[in-house]
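**Student:** As they're listed, the protein sequences go chains A and E. Okay, so the first sequence: first residue is 1 according to this note's numbering, each after it adds one. Okay, so the second sequence: first residue is 1001 according to this note's numbering, each after it adds one.
Some hints could be false.
Said to hold, decoys possible - Covered stretches of chain E, going by a simulated chain A footprint (3 or more residues, C-beta under 8 Å):
(1) 1065-1073
(2) 1145-1159
Stated by the list, open to error - Here are the simulated DSSO-like pairs of lysine-lysine, each with C-alpha atoms no more than 30 Å apart in a straight line:
(3) E:K1048 x A:K162
(4) E:K1181 x A:K156
(5) E:K1053 x E:K1074
(6) E:K1156 x A:K156
(7) A:K112 x A:K156
(8) E:K1337 x E:K1020
(9) E:K1233 x A:K159
(10) E:K1412 x A:K162
(11) A:K159 x E:K1412
(12) A:K4 x A:K112
(13) A:K156 x E:K1053
(14) A:K159 x E:K1020
(15) A:K156 x E:K1071
Claimed, not checked - Rough simulated footprint, nothing fancy, chain E against chain A, three-plus residues with beta-carbon under 8 Å:
(16) 4-17
(17) 25-31
(18) 51-64
(19) 80-93
Calculated from the structure, these hints are not laboratory results. A virtual CB, placed ideally from N, CA and C, is assigned to each residue, including glycine.
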Amino acid sequence: MEGKAHVYKKDHINTDEIIPARYLNSDQESELAMHAMEDLDVDFIKKVKAGDFIVSGADFGCGSSREHAVWALRGAGIRAVIANSFARIFYRNCINNGFLAIECQDAVGKVKNDDLLKIDLTDGKIVNLTRQQTYQFQPLPGFAREIIEAGGLMEKIKKELK
Amino acid sequence: MGVTITEKILAVHSGRDIVKPGELINCEIDTVMCHDVTTTPAIDMLEKNDITKVFDPERVVIMPDHFIPNKDIKSAEMVARIRRWAQAQGITNFYDIGRHGVCHALLPEQGYVTPGKTIVCGDSHTCTHGALGAFSTGIGSTDLAATLATGKLWFKVPESMLFVISGQLPDGVYAKDIILKIIGLIGVDGALYRAMEFCGEVIDELSVEGRMTICNMAIEAGAKTGVINPDAKTLEYVSSRSAASFTVYRSDSDAVYSRTMEVDVSGLEPVVALPHLPGNVKFAREVNDIPVDQAYLGSCTNGRIEDLRVAAQILKNRTVAHGTRMIVVPATTEIWKQANREGLLDIFMSAGATVSTPTCGACLGGYMGILAAGERCISSTNRNFVGRMGSPQSEVYLASPATVAASAITGKITDPRQYL
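Produce the entire structure from the sequences given, and follow the hints as far as they go.
**Tutor:** Printed below as a string of structure tokens:
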């Protein structure tokens, strides 16, 4: 998968910034997407294209448990978030939705805004096509891959209940 | 080698003798709590996957609170849907208007929290209930749907951090000041993925309500849960609310922690967390020239009767500063009624504050006290992120109920000790 990087270097980007609570009276992905990252960057939704990535600092997604944060980013076209680290509930929500949350400090340190990135999940590497660099990341843990491969936690559970 | 209360509860609920930090477990959940914002997506997921029955209607508790009473048509539709779904599922533990309240205040008050239980809810502040010696954590809507379907949920067993709170809490300094101080010390991801266990003479002395304030904000340090070993106070609180039998688990004296931190609070003063992170902690007196447009007293952190009593004591025979608005939101219907019986609501209204019905309301920028651009609020709530209580250009300062009340009187951030 290939896409452009939108770099927000700061740490602790929280779920209120990703999707403000004033929009939580809807859970429609398309509607949430219109307000993704609004309180951090009002132009985000104008800049982002389907398949793009967010690159950010530590503790991405801290705060509320609202899964709306994942849906808003996915609805906006974001394919993966690459960060130094993730807040716990946001990380779970990503796995459960089959949405990619990749911890890679090397990439966060080197990727610049608008760089073209390519992610290779099987080899656990991010290729920066703009700068001809490669960054390694730890592949997802086995249980997380199982959930993602099943198509999300609900799909996995549905199979188990049968 | 000993084990922690968290490890004991998780072991029992996953059918094992012992669990170790880092292990993945499939854990039996005793109580699933649902509120208005995160439940409708879970219902969608259940229906989409043809899962027609929840695992056990008796173990599901529904407490709409975020946009309650309905703030607009969309919120009304959400709750209407949850109401219809609950009825179809035979879920009778439904706390509708008239019995409503902020879920993390209401759940223990109504006797659903007992020591040793596992509790989940689609809300990050679910860590509150560890104050009664339960394992309790916040989850998203997919996890909620999965738990409603199966009564189980996967967890990675967290490492535990031990916070030994020692010394003597000075007058005018409260549980809120302690937890803000700790978050200031370790940072907003200082306990990421871990269980924060609190103990020590100061915790022993604290009321159950004060302990809830502390565990409530464990998430603001990134923790999976906050927990306190049950004692006589816990058992007294629980036995007056629940007839259910339960098992008390306590950490072994030689339990293993990833970090132990002693915090002596004898020299602590009232603190304020400055925008835009709960870890930006300063003494109130260091920032006492900052004017406030609004003072907000409420939430799952500090909207309990004890909080209202402290604030009322300060506001009695005093008035809210001209140009400052004070909004008091008792966290539950029972707290509202109790405050009314004790004359606290009258004190607030006479001081020029207003009192609302229980709701999460403005704490998360829902309604009932939203801030305009450029406005500042001193608040007894738990988060001061950008735009948390309204405009992205507004500011939230977190403090104890006493500091909120004192600041309302002067119209600027104020150390409450001068009013005690």
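**Student:** Against this structure, judge whether each hint is valid.
**Tutor:** Results of checking the hints against the structure:
no., hint, result
1, 1065-1073, "holds (count 4)"
2, 1145-1159, "holds (count 5)"
3, E:K1048 x A:K162, "holds (15 Å)"
4, E:K1181 x A:K156, "violated (42 Å)"
5, E:K1053 x E:K1074, "holds (26 Å)"
6, E:K1156 x A:K156, "holds (18 Å)"
7, A:K112 x A:K156, "violated (37 Å)"
8, E:K1337 x E:K1020, "violated (45 Å)"
9, E:K1233 x A:K159, "violated (45 Å)"
10, E:K1412 x A:K162, "violated (61 Å)"
11, A:K159 x E:K1412, "violated (58 Å)"
12, A:K4 x A:K112, "holds (10 Å)"
13, A:K156 x E:K1053, "holds (17 Å)"
14, A:K159 x E:K1020, "holds (28 Å)"
15, A:K156 x E:K1071, "violated (36 Å)"
16, 4-17, "holds (count 5)"
17, 25-31, "holds (count 3)"
18, 51-64, "holds (count 5)"
19, 80-93, "holds (count 6)"
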